[in-house]
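Q: Chain A is already provided as a structure; the job is to place chain B on it using the hints.
Residue-level listing of the chains:
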Amino acid sequence: MAYTTFNRIMNDQMKEPMFFGNPVNVSRYDQQKYGIFEKLIEKQLSFFWRPEEVDVSKDRIDYQNLPDHEKHIFISNLKYQTLLDSVQGRSPNVAFLPIVSLPELETWIETWAFSETIHSRSYTHIVRNISAEPHKVFDDIMLNEKILQRAEDVTRYYDHLIDGINLYQRCGEGTHTINGNSETISLYELKRRLYLCVMSVNVLEAIRFYVSFACSFAFAERELMEGNAKIIRLIARDEALHLTGTQHMLNIMAAGDDDPDMAIIAKECEEEAYAIFRKAAEQEKDWAEFLFKDGSMIGLNKDILCQYVEYISNSRMQAIGLKAIFSTTQNPIPWINTWLVSDNVQVAPQEAEISSYLVGQIDNEVDGGDFGDFDL
Amino acid sequence: MPTVKVSADVAINFDGQARTLLDALEQQRLQVNFHCREGYCGACRCKLLRGEIRYINEPLAFVRQGEFLPCCSIPVNDIEIEIP
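Taken in order, these protein sequences are the chains called A and B.
Per the UniProt record's numbering, the first sequence runs over residues 1 to 376.
Per the UniProt record's numbering, the second sequence runs over residues 1 to 84.
Pulled out of the complex, with its shape left as it was, chain A reads as follows:
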């Protein structure tokens, strides 16, 4: 069925599934099938921040004084994160908005993707500050083999889903001849692609960011590149929320109350879900090797980072009902947790960077007594 930006069918939105029901018409939040997405929107809005609020000027001096192998670690991570957020800033919108059926979920997807665009802008803010030639850093992303390898796996599931949606919404289910090629699509196949896509996004936000997060915080533990660490901390806080979003979607799908097909698909795709996790963990370990090819940094080396990848992979898998696949049970870098605490993101009041905008903090209650000592 074709997509419409304002579906004229007077449907009961409370009875729609998350995806592949009627397109959303009225964006209303007075009733919600899944209140959690509204809560995630509110939380994300309260997290709002702007890169320019964080002073990164001292990082320039720190960066100049880093030995070459640490410059390589720092800048490579920044490039990789730039790739990840380039994808995440657009893909949830392009892939999920044409098929979403609930207003609160639709708005969560838009809010989620918007916050990723803030991350992308913050990388330019950081790179501009540490390099006189920012274009060289960004140009290299499209030439760097190690990054491009990952790009393939990060985008494949999105592209496969988007391609299927285009065909389905134009031609419907069945076998169609498109530009001389025969292509077949069914709604069930599309749901499968959706499930795997959400799974791959979940893995992206659960594991792929954390190798570079760990490096940024390891620099800051030595009081280096602290402006960058402040920004990464804000990004990590957002990513934790996005991760919760995809975990909810996956768990709702697997439960089957929302769409019985999805529960069957979740079971059918279990092996592939394990494979997606395993491959991402392997790629991140390769990345750790690439980062430390010319030397380690104080507090972190390839082995520790690889153990950390295994440790968080296990924990993320258990969160969506999968079994742990690695033997690592202890966090090899427990100090990272302090950098991920939400409370600590709120800086001291005398500092300029306010990271958590207050929501609902204005007292609207006024009574006669409030004017007691007021004379005209």
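Don't read these hints as lab results, they were simulated from the structure.
Beta carbons are placed, not taken as given, at the ideal position from N, Cα and C, and that holds for glycine.
What you were told as hints is all true, and nothing was included just to trick you.
Examples of chain B residues lying across from chain A (beta carbon under 8 Å, computed):
#1 N33
#2 H35
#3 E38
#4 G42
#5 A43
#6 L60
#7 F62
A: For chain B alone, kept in the frame of chain A given last:
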């Protein structure tokens, strides 16, 4: 004063000194994974084997049946938990 049984040989008293169960566990030097400490990331998920807990703030993270988040909860009565 509810007791929190962590394993066969470790039990602690939740005497109200700690703000949350996570704080209480940490005061006893028990290692629990954590990130946000606000209930939205789910990193501190533990198993609740017996008893009841109450959330100070309703968590946003997905919490499966039989699990709970110690970062934003306190015990209502004697509980038995398992740290993964």
